[in-house]
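Peer 1: Heads up: the sequence lines are chains Y and B, in that order. Whatever position you read off the first sequence (first residue = 1), add 2 for this note's numbering. Whatever position you read off the second sequence (first residue = 1), add 2 for this note's numbering.
Hints listed in this document are in silico derivations from the structure and should not be mistaken for laboratory results. From the three backbone atoms N, C-alpha and C, an ideal C-beta is built for every residue, glycine too. Careful: at least some of the hints might be erroneous.
[Unchecked claim] To give an idea of the chain Y side of the interface with chain B (calculated C-beta under 8 Å), a few residues:
(1) ASP72
(2) MET115
(3) ASP153
(4) LEU160
(5) ARG189
(6) MET193
[Unchecked claim] Below, computed lysine-lysine pairings styled on DSBU-like, alpha-carbon distance capped at 30 Å:
(7) B/LYS183 with Y/LYS134
(8) B/LYS119 with Y/LYS119
(9) B/LYS78 with B/LYS119
[Stated by the list, open to error] Computed far set for chain B versus chain Y, every beta-carbon distance over 12 Å:
(10) ASP46
(11) ARG51
(12) GLY150
There are 2 protein chains.
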Amino acid sequence: MSTRESTAARPPGRPRSARVDEAIVDAVLDLIAEGTTVEALSMDAVAARAGVGKATVYRRWANKEALVSDAVVALKGDVPTPRGESVRADLIALLTLVGRANNRAGQIMPCLMPEIKRNPALYQRYMDWMEKRREVIRDVLRRGVGTGELDPDLDIELALAALTGPMTLQSAFRWHPHLPKERLAERLVDMMLAGIAGPAAPAAPGPATA
Amino acid sequence: MSTRESTAARPPGRPRSARVDEAIVDAVLDLIAEGTTVEALSMDAVAARAGVGKATVYRRWANKEALVSDAVVALKGDVPTPRGESVRADLIALLTLVGRANNRAGQIMPCLMPEIKRNPALYQRYMDWMEKRREVIRDVLRRGVGTGELDPDLDIELALAALTGPMTLQSAFRWHPHLPKERLAERLVDMMLAGIAGPAAPAAPGPATA
Chain Y
3 MSTRESTAAR PPGRPRSARV DEAIVDAVLD LIAEGTTVEA LSMDAVAARA
53 GVGKATVYRR WANKEALVSD AVVALKGDVP TPRGESVRAD LIALLTLVGR
103 ANNRAGQIMP CLMPEIKRNP ALYQRYMDWM EKRREVIRDV LRRGVGTGEL
153 DPDLDIELAL AALTGPMTLQ SAFRWHPHLP KERLAERLVD MMLAGIAGPA
203 APAAPGPATA
Chain B
3 MSTRESTAAR PPGRPRSARV DEAIVDAVLD LIAEGTTVEA LSMDAVAARA
53 GVGKATVYRR WANKEALVSD AVVALKGDVP TPRGESVRAD LIALLTLVGR
103 ANNRAGQIMP CLMPEIKRNP ALYQRYMDWM EKRREVIRDV LRRGVGTGEL
153 DPDLDIELAL AALTGPMTLQ SAFRWHPHLP KERLAERLVD MMLAGIAGPA
203 APAAPGPATA
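My request is simple: use the sequences and hints to build the entire structure.
Peer 2: This is the structure:
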């Protein structure tokens, strides 16, 4: 966890200690983006890249694991808040954030995933963050079921996976090179709402058993 | 590329040289699954794990890059062939393969993705394989548009991404811990066909411009 000084009266802009925190976190992310593995990452290199002394880094983070963990959360950004308009509009806004073309995240996350999977504490922190964002999207889906904007029998968990999966793969891996970026979230939400069946589709099967 | 001996009359079962190829490829995948990075992987270690001499490995693969490249393709398996039944049945069968619970692939692919992204030749080989499988799925989608089983205005590329994305994330990363594995492909295809809109959904917007 980073330690931020709290002051009664702050000068305009972000306080200096927050700017130092950001410089250090940015240094971590830059080094990883350039190919440094988490294993090889040293607090010395981070301090040098951030332009601060090593003691400044250690004053804020007790060890490399805590620093990398904060860097991952910083990379992901804040958990978004839906505006509470139509479910369609909220889903488009949320999925746009999931798939936000963030070049640094796109470059770094594939490098970090193996590390995240190997490190239980880091994995838990990452998953906690993901789970918070998922819960925001689930809430919108539940609201849609309540208002009748969505199918009353909607499988919330499956809809969540179907909506976020393609956005995640595009932002983290540019998975589908032929998929245009323009209005991707909007097109996906509209396809999901309307379905892809055509006029000659057989009647939908009833809810399957087992 | 591996070199396979061709013989006019083969004994029953796979020929011995193919079995040696498999043992070597398996050794590569095992070592990676156990945490060896591609960088640290040595032909010596591969030979030792496979129980063959180093010369046997080098007779089949000129270098580590070629061997790892073949191992990745072996891990992915054959490109599937749809049975040509209903589009719904074909999509379910193909997506079941995409999401096949392959523990080894699930363990290895996250470790390999950064390596694949760093190595242009390996990335190309991997993407060529992915593209072949995607083309099989696109063909089924195009067929469905032709028969009227699917929306005549279907965005093939977007539908491909929406159908495969959640399956890929589940098989490679177990992305959604709360999503049950049972009939996942079937449930996803049926949700995509029918759509998720409810009785109070506003009319679908027309095709957006720009």
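Peer 1: All the hints need checking, so say for each whether the structure fits it.
Peer 2: Hints, one by one, checked against the model:
1. Checking Y/ASP72 against chain B: minimum C-beta separation of about 21 Å lies over 8 Å; hint violated.
2. For Y/MET115, the suggested interface contact is upheld, since its CB lies about 5 Å from the closest CB of chain B, less than 8 Å.
3. Annotation: interface hint on Y/ASP153 holds; nearest CB of chain B at approximately 5 Å, less than 8 Å.
4. For Y/LEU160, the suggested interface contact is upheld, since its CB lies about 6 Å from the closest CB of chain B, less than 8 Å.
5. The criterion of a C-beta within 8 Å of any C-beta in chain B is met by Y/ARG189, whose closest approach is roughly 6 Å, and the hint holds.
6. Taken as an interface hint, Y/MET193 checks out: its beta carbon lies about 6 Å from the nearest beta carbon of chain B, inside 8 Å.
7. Under the criterion of a C-alpha separation no larger than 30 Å, the hint pairing B/LYS183 with Y/LYS134 is consistent with the structure, at around 22 Å.
8. Note on B/LYS119 and Y/LYS119: the hinted pairing holds, with a Cα-Cα distance of about 18 Å set against a maximum of 30 Å.
9. For the suggested pair B/LYS78 and B/LYS119, the alpha carbons sit about 16 Å apart, so the restraint of at most 30 Å is met.
10. The claim that B/ASP46 is not at the interface with chain Y holds, since no C-beta of that chain comes within 12 Å of its own (minimum 22 Å).
11. At the 12 Å boundary, the C-beta of B/ARG51 stays outside the reach of chain Y, the nearest C-beta of that chain being 21 Å off.
12. Distance check for B/GLY150 against chain Y: the nearest CB is about 3 Å away, which does not clear 12 Å, and the non-interface claim fails.
Comparing the model with each numbered hint stated earlier shows that hints 1, 12 do not hold.
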